[in-house]
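Here the protein sequences come in this chain order: A and B.
The first sequence begins at 1 in this note's numbering and counts up by one.
The second sequence begins at 1 in this note's numbering and counts up by one.
Keep in mind the hints are simulated off the structure, nothing from the lab.
Where hints are given, some of them may not hold.
One-sided and incomplete, this derived list gives chain B residues near chain A with beta-carbon spacing under 10 Å [to be verified]:
| # | residue |
| --- | --- |
| 1 | ALA19 |
| 2 | GLU61 |
| 3 | ILE66 |
| 4 | ILE68 |
| 5 | ARG102 |
| 6 | MET104 |
| 7 | VAL111 |
| 8 | SER135 |
| 9 | ILE136 |
| 10 | ALA138 |
| 11 | HIS139 |
| 12 | HIS271 |
| 13 | ALA287 |
C-beta atoms are modelled at their ideal positions from N, C-alpha and C, and glycine is treated no differently.
Listed below, chain by chain, are the residues.
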Amino acid sequence: MAGTKGARAGAPAVQENGAQGDVRKIDAGFQVELLRKMLLIRRFEERAAQMYGLKKIGGFCHLYIGQEAVAVGAIAAIDLAKDYIVAAYRDHGYALACGMEPRLLMAELFGKATGVSRGKGGSMHFFDAARHMYGGNGIVGAQIPVATGVAMKIRYRREGGVVLCWFGDGAIHQGSFHESLNMAKIWNLPIVYICENNHYGMGTDFRRVSSVTDFAVMGSSYGIPGSQVNGMDVLEVHREVKAAAKRARSESTPVFLEVLTYRYRGHSMSDPAKYRTPEELESYKKQDPILIQKARMQETGFSDADFSALEAEFKAVCDDAVKFAEESPEPDLSTLHEDVYA
Amino acid sequence: MSVITFREALRAAIDEEMARDDSVLLLGEEVGQYNGAYKVSQGLLEKYGPDRVIDTPISEEGFTGIGIGAAMAGLRPIVEWMTLNFSLQALDQVYSNASKMRYMSGGQFSVPIVFRGPNGPAEFLGSQHSQALQSIYAHVPGLKVVAPSTPADAKGLLKASIRDNNPVVFLEGELMYSWKGEVPDGELVIPLGTADIKRPGKDVTLIGFSKPLRMVLEAAEALAAQGVDAEVLDLRSIRPLDEAAIYESVRRTNRCVVVDEAWPFASVGSHIAWLVSRNCFDDLDAAVELVSAEDVPMPYNHGLELAAQPSVEKIVDAVKRVTYA
């Protein structure tokens, strides 16, 4: 496991390749895929912010910029044919990482009938039953028991799958977290709890509100070992989540990871993030997950031109998503009463 | 036809559905080794094993949410709350997740789950253990709320609730578990949303559900002795609500008394009284009366706690008001 290094405030940028050994041994095509997913999320989120500014998107909109490696590395480590993912309200990144269509997500943000949740969910409620993407949950920590219940189903049916459940540093103090870990342990449920520590629960530095600052220990009182992962390094996230998922699956046991990451934007679109210094933000931007991965791949032949081609591709994807969302119809008012009961 | 207790009727429903469908599980505090705090699940652990009859820690929010996740993924859990008072610990999971998952996902997910346990006051249990909480569950679109008053209804409605693809809050009563009643032999499934006339009458409609229904029937007998022929309509299910049955009855009797052991403010009872007032306005010969709990926390002292609840006398008095007797 990764020990305690990683994306702490003021910490030096992650060492080049050090954690990954020889990256040349990692399939180049796979690495490109990870970069592609992260870049798609980054550009999608930037476009969402732009559309929010234009009032095409309303309400709460929590952007994933800075944290892309966490969703991408983790989801690349599982098989969504048999595995499941459950996340909180900052959910655009997981949705894109698991292959949901940018068009349908942007349409959901626009509240259109073509959105993944028919315009009834919005930013915090992306779901895709077919891809085993179980939300998208707007109540801090409320998804943790739900994810644990999905793991209970896997265990009951002896299906061999695993659940990845993400939550933030804010959610770790909710009772739902502690109750879930206890039951997951006593019932041997195959689930990887991933505390995605982006350092701020809304505007509160996690160190101000936690009795411990090393969250990796938070599972230990339930007999669940934990470790810290550098969430700015997609290969490290992938490797650690893969190992955790393998263990959860093969031993039918919960595993806990604290993934250290950082969000560049405020908690939501209305948050100017005045509770942190520009220097802190800049120090993290030097550890940018996309730039780290790009630099690493450049050592093995990935060129600036290759990167530019990806940029152009995802600009077109986002253009298309916005166009699709713009042109999609508003939900018919008759749908108001649909989907309340099965 | 067999005469069995309310408790046995519930157990039979769970047992039959567990035998019929291996996606049905029972989880909650003391449901397994202890055989249930009120012995509803007696013998089920032995019959179905610990994978399907699951003792939980005292973590209502956690195991309620776990049931919801399992339901989203295809199981059909029955979550036993030892009492509805403790369900308040789990309210976020029911309100924010169970009731809304289908809507928020644009219809992608169903949550076929039953939350069940005793609701309302028993005796000498004090304020925190004597709450009738139907109003807070009935308030939420996306939930169904079921409240039988007889063993037969308990069995038939619980089986329907377990088979329903929506989250159902199933209300029982601590004092009801030992009630006996005739239950038809063989398969019994009662559709949710069908009220039942427990006593036909022509002078006034008494509307109730769950434990107070027995008291309502006693009041109807007392009224009969005084020459008033009361009809007793048992709602059985609060959501969906059989509005048609309510209006049909009130339009015949032209008078209505609603009985609900919850507090009166923003309650199921007050809502039904409003529905009747609005939809039967031209048929009513008197304002609708509501017999509810007094608007106080439940006291411990027995005389005080009885005074805080609906009673035969209060119901008879209300009928006298609507009949101008």
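So, going through the hints one by one against the coordinates:
1. ALA19: 17 Å, violated
2. GLU61: 6 Å, holds
3. ILE66: 4 Å, holds
4. ILE68: 6 Å, holds
5. ARG102: For B:ARG102, the interface hint holds, since the closest Cβ of chain A sits about 5 Å away, which is under 10 Å.
6. MET104: Hint holds; B:MET104 Cβ to chain A Cβ min 4 Å, cut 10 Å.
7. VAL111: For B:VAL111, the interface hint holds, since the closest Cβ of chain A sits about 8 Å away, which is under 10 Å.
8. SER135: 19 Å, violated
9. ILE136: Nearest chain A Cβ about 17 Å off; hint violated.
10. ALA138: Status violated, d = 14 Å.
11. HIS139: For B:HIS139, the interface hint is violated, since the closest Cβ of chain A sits about 14 Å away, which is over 10 Å.
12. HIS271: 18 Å, violated
13. ALA287: 31 Å, violated
In this structure, the earlier hints numbered 1, 8, 9, 10, 11, 12, 13 are contradicted, and the remaining ones agree with it.
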